[in-house]
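Enquirer: The listed protein sequences correspond, in order, to chains A and B. If you count by the working numbering, then the first sequence holds residues 1 to 211, one letter each, in order. If you count by the working numbering, then the second sequence holds residues 1 to 211, one letter each, in order.
Treat each hint with caution, since some may be false.
Heads up, the list lumps identical chains together, so a pair's fine if it works in one copy or across two of them.
Computed cross-link-like contacts, EDC-like style, restricted to lysine to aspartate or glutamate with a CA-CA straight-line distance of at most 16 Å [stated by the list, open to error]:
| hint | residue 1 | residue 2 |
| --- | --- | --- |
| 1 | 189 | 47 |
| 2 | 189 | 25 |
| 3 | 109 | 9 |
| 4 | 109 | 10 |
Note that these hints are calculated values from the structure, not bench results.
There are 2 protein chains.
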Amino acid sequence: MELEQILPEDIEKRSFEIIARELGDRTFPPEQFPVIRRVIHTTADFDYADNLVFSDNGVYLALEALREGVPIVTDTNMGKAGINKNALKKYKNEVYCFMSDPDVARKAKEEGTTRAWASMDKAAALGRDCVFAIGNAPTALIRLYELTMRGILNPRLIIGVPVGFVNVIQAKERIMTMDVPWIVGKGRKGGSNVAASICNALLYQLKDDEK
Amino acid sequence: MELEQILPEDIEKRSFEIIARELGDRTFPPEQFPVIRRVIHTTADFDYADNLVFSDNGVYLALEALREGVPIVTDTNMGKAGINKNALKKYKNEVYCFMSDPDVARKAKEEGTTRAWASMDKAAALGRDCVFAIGNAPTALIRLYELTMRGILNPRLIIGVPVGFVNVIQAKERIMTMDVPWIVGKGRKGGSNVAASICNALLYQLKDDEK
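This is chain A alone, in the form it adopts within the complex (with noise of 0.2 Å):
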């Protein structure tokens, strides 16, 4: 196969032209779209077109909170290496990931249980709301559901993709019973890569806020 020749600023429209080809006649709420086709574009894999779900007003509830400058938590470095820095500045985002601290690792050794679930304890001791963004362990996401029924944190937006095998599934379905804003990724699929590029496809929406 020949290579295309095409310019580097180019690529990223000729991708989404190619998906949207491929969705063919398929219809999405227009605030959804773009999420989708960025974490089609992120991965090349279409059952997301099928697997992402959104809580009534999800988008959108989320987009207020970015633009109210809340920060958001990641449950791996990786998630957060891939959030597109330049995009965080309009509205000063900050990004945490805690799973790498030391106090994580030690509580989480004491307790018995995961560095992802100790490290959304250390994100509720913020005492801020913010956006969560797991894309790897699913025990941060049952830790997020027992902090949020206890009334300890408030969080503006669970972004639930972990992926895997054991207890993901699962713990999904409990974050599709909350009623706080969520954008869920059903099955075994996800990744910190997609917990990444759904972030990026919000901080986008606002490029074109008037600030």
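For chain A, the structure is supplied; the task is to place chain B on it using the hints.
Expert: Just chain B, lined up with the frame of chain A:
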């Protein structure tokens, strides 16, 4: 669905059992299987059982290179973040990503190319043999091909798993013609997470070396 009660340290083992079960009676070369299994573990996508292809002795030659302490060069900071830092310690392998370097951005702009392309030139300037883990940019693979053909680079392994819709398949096909060790994910799929998980699967195979 009820949550499965499982100790954190048993989750990976249980996941691997599920993957093995679902692969049924398919068999893989023993040195390739840990790579294929880990990529499926990372993505929950069994397509990789078919997509991942290896040059002759690719895994053995890659392990040899890693044992010599060659560095790993990635095309995203996300890929770099996903490589297990503890697993790098045994043979003191370093990981480089030049994508965010100002000189790379400047050179890409001047030459009308991509930062990924320019970052491979910067890797060549290290003057060292490297393992390349490319999970994002087909232009990085195309540049690696050119630099190797001109004798400027001697890659000890090319992991070619960029994801996407434009020139991705072509770039991977080019790598598969090369006379250096390679591991390629055929088709459109791949990603920084896949590139990192292939690195980790190789590094974990060195764990039991007597050293």
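Enquirer: Which numbered conditions among the earlier hints are violated in the structure presented, ordered from lowest to highest?
Expert: Number 2 only.
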